[in-house]
Amino acid sequence: MAALKRRTLKQLILKRRWWLDGALALAGLCLSVTALAEELTPVTVSTTWYAQAEHGGLYAAKAMGLYQKHGLDVTIKMGGPQVNNVQLLVGGATDFSMGYSLQSFNAVKQGLPLVTVAAFFQKDPQSLMVHEGQGYLTIADLKGAGLRIPTAGRVAYWPWLKAKYGFTDDQLRPYDYTIGPFITDPKVAQQGYITNDGYFLRKENVAAKSLLLADAGWEAYSATLDTTREMIEKHSEVVQAMVAATAEGWKAYFEDPRLANSLIKADNPQMEDALIAYSINKMQSEGILLSGDAKGGRYGIMSDRRWREFYRQMVDAGTLPDDLDYQKAYDLRFVQALYPED
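Counting along the sequence shown from 1, when you hit position 243 you're at 243 in our numbering, and nothing is skipped either side.
Worth flagging that the hints you see were computed from the coordinates, not collected in a lab.
A few of these clues could be false.
Claimed, not checked - Derived Cβ-Cβ restraints for the label pairs, each shown as a range: (1) ASN84 - ASN281: 30 to 40 Å; (2) MET78 - GLY297: 21 to 31 Å; (3) GLN110 - VAL83: 12 to 22 Å.
Keep in mind that this is a model prediction, so the values were computed, not measured.
All C-beta atoms, glycine included, are put in the ideal place defined by N, C-alpha and C.
Could you build the full structure based on these sequences and the hints that come with them?
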């Protein structure tokens, strides 16, 4: 009986020691996680629209721990029809936002401290959808045709189309954010987005195709990463980390998008797997991210030449003044640090 009591007492001591060791280990783990969280810099970035494959690099960087690896705790805020990313950014509600190069030029024109630090879409996915069999082989062929273009397009690329191809305002038709009128009128063209046009047209059994503005000489960058001049001046290391991690995120997204897609669908439950797959395929086949200066995997790269050429396009189209200090719109140092010249 005494031996049994001694054995029971020993087991109780061992059990308590095991519990204590486990509790200490758990406490240590909690402290480590807390310390890690305290070391991460909180950052908020807003996207251009509801979560979709076109935002895949950001979601991959978050889902796969790439932002954490670079010392960032990133919150992604979805855009939408009522979201003004520029206002949120310059007002301090976000630290970064997705945008496009004309937006950055307009910010300089308006005296706003917005600066582009990376450009992930080397080709703007903006397109004009046309019906097959109408003789619309290139955008130049649309001179005189009816064009359904929304307000944003009318102040962005429409002046360029008029200057380059001689289009006239009497070609413009009402735009109501549906493809119904386009489907029923084979003579009309409509603004689209190359990464999803074909998916929706196929669902409607419409024999149509997309003419990419970028392939016709439209030099705008899209899916840019924008921040403020104050952020660059006071926290350049955060900007560099954000650029680097997002570039890594885009690379990772095309290698394996599954984790990122789960986050995309969590934010946007209406997103369809088939549309995500279609968009990924189009981004790759059309060279949306890896064409021009970005060939070879230089995600986010920008150049003075490209910015200058687009600025001249906008001046020639009468959209921007010819004395604008346009170089204030962008800062190349962060992408250049990722891809130093040989």
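Next item on the list: Check each numbered hint against the structure and report the violated ones by number, ascending.
Entry: none
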